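A.B. asks: The lines below spell out each chain.
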Amino acid sequence: MNQNFTKLFSYFDSPEPSKNLLEKITRRVREEQRRWAIKQRLAIFSIGLIFSVPAAILSFQLVRTEMAASGLQEFLSLIMTDSEIVMTYWQNFILIVLESLPTVSLAVFLVALFIFLESLKLLTRELKNFAPLKN
Amino acid sequence: MKNNLKDENKTMKLLISPHLKPIYGFIFQYVKNAPDAEDITQEVFVKAWRNLKKIKQKNFKAWLFSVARNTSIDFLRKKRAIPFSEFENESGENILDETLADETDLPDEILAKQNIKEQLNAAINKLPPQSRLTLLLHYKENFTFQEIAEILHEPLNTVKSRYRRATIQLKILLSQN
Numbered sequence: 001m002n003q004n005f006t007k008l009f010s011y012f013d014s015p016e017p018s019k020n021l022l023e024k025i026t027r028r029v030r031e032e033q034r035r036w037a038i039k040q041r042l043a044i045f046s047i048g049l050i051f052s053v054p055a056a057i058l059s060f061q062l063v064r065t066e067m068a069a070s071g072l073q074e075f076l077s078l079i080m081t082d083s084e085i086v087m088t089y090w091q092n093f094i095l096i097v098l099e100s101l102p103t104v105s106l107a108v109f110l111v112a113l114f115i116f117l118e119s120l121k122l123l124t125r126e127l128k129n130f131a132p133l134k135n
Numbered sequence: 001m002k003n004n005l006k007d008e009n010k011t012m013k014l015l016i017s018p019h020l021k022p023i024y025g026f027i028f029q030y031v032k033n034a035p036d037a038e039d040i041t042q043e044v045f046v047k048a049w050r051n052l053k054k055i056k057q058k059n060f061k062a063w064l065f066s067v068a069r070n071t072s073i074d075f076l077r078k079k080r081a082i083p084f085s086e087f088e089n090e091s092g093e094n095i096l097d098e099t100l101a102d103e104t105d106l107p108d109e110i111l112a113k114q115n116i117k118e119q120l121n122a123a124i125n126k127l128p129p130q131s132r133l134t135l136l137l138h139y140k141e142n143f144t145f146q147e148i149a150e151i152l153h154e155p156l157n158t159v160k161s162r163y164r165r166a167t168i169q170l171k172i173l174l175s176q177n
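Protein sequences appear in the order of chains A and B.
The opening position of the first sequence corresponds to residue 1 in the numbering used here, with each subsequent residue numbered one higher.
The opening position of the second sequence corresponds to residue 1 in the numbering used here, with each subsequent residue numbered one higher.
It is worth saying that the hints were derived from the structure and are not from the lab.
Where hints are given, some of them may not hold.
What the hints assert, rightly or not - Derived contacts from chain B toward chain A, CB cut-off under 7 angstroms, selection only:
#: 1; residue: L14
#: 2; residue: W49
#: 3; residue: L52
#: 4; residue: N115
#: 5; residue: I116
#: 6; residue: K117
#: 7; residue: Y139
This structure is a prediction, so every number in the text was calculated from the model and none was measured.
For glycine and all other residues, C-beta sits at the position ideal for the given N, C-alpha and C.
Please construct the entire structure, taking both the sequences and the accompanying hints into account.
C.D. replies: The structure is reproduced here in structure tokens:
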């Protein structure tokens, strides 16, 4: 490096940025961080929504089939026809009804339904947060 | 949580502030107006933050200048405010430039001039944009020719020959005044 040129360039006035530029940059980076986080959550909730819909439909069909096969309807119709017997042996009756319930498919259905509703709720919330950042 | 955010803000500012003025000054040389230079500077640091994990280059400063160069050129391209060839393409250079040699230092009399500061600023602004950037990157930011070539996306020999031409032009401009 030529010494005199080095000295010469020490006289050069570099333009000064405004005092609040650093603040503006940190604010924009923060905004970008927020936007990125929202995008990530939107992706997660969308995936949750996409997978929970067919899962809920399939598990609901399974619940219906298993309920029809379990004879639960016959037990429940007892309430209407022989309500006195049901009242007398209500503890046994409840146990029988519970035993005949298709618990696994019902649990799968409820979980899928829960994921669907939660994803929908959170997705709506995140979309509301994302809208002002988009502009 | 609030403390974390404050600490993160502090770290971010510590990372940005040493590079803020040089990057702003570099961008200013492209766009020549403060509001646009500020917008582009913001964009550059947002891009830097976005790609922080992806940076493979060891020299962060040179990488940042390279991002600033690309962002400025994109901005000018969109705006179409300047003849773009002025910044990008110097393939029409005289081949003799490659062998042009003037390694002599600046005469002391020029440095001794009373109004050297004003004269220098005026002379630098008269230089072609790429020559101006080469000199400023070399003397103000202490980049090597290799780093300047990487920042400006040009061959090393082009940068070297332009540097030689720019120093000669600058000497002539300063001697004339």
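A.B. asks: Could you check the structure against the hints above and give me the numbers of any it violates, in ascending order?
C.D. replies: Of the numbered hints given earlier, those the structure breaks are 1, 3, 4, listed in rising order.
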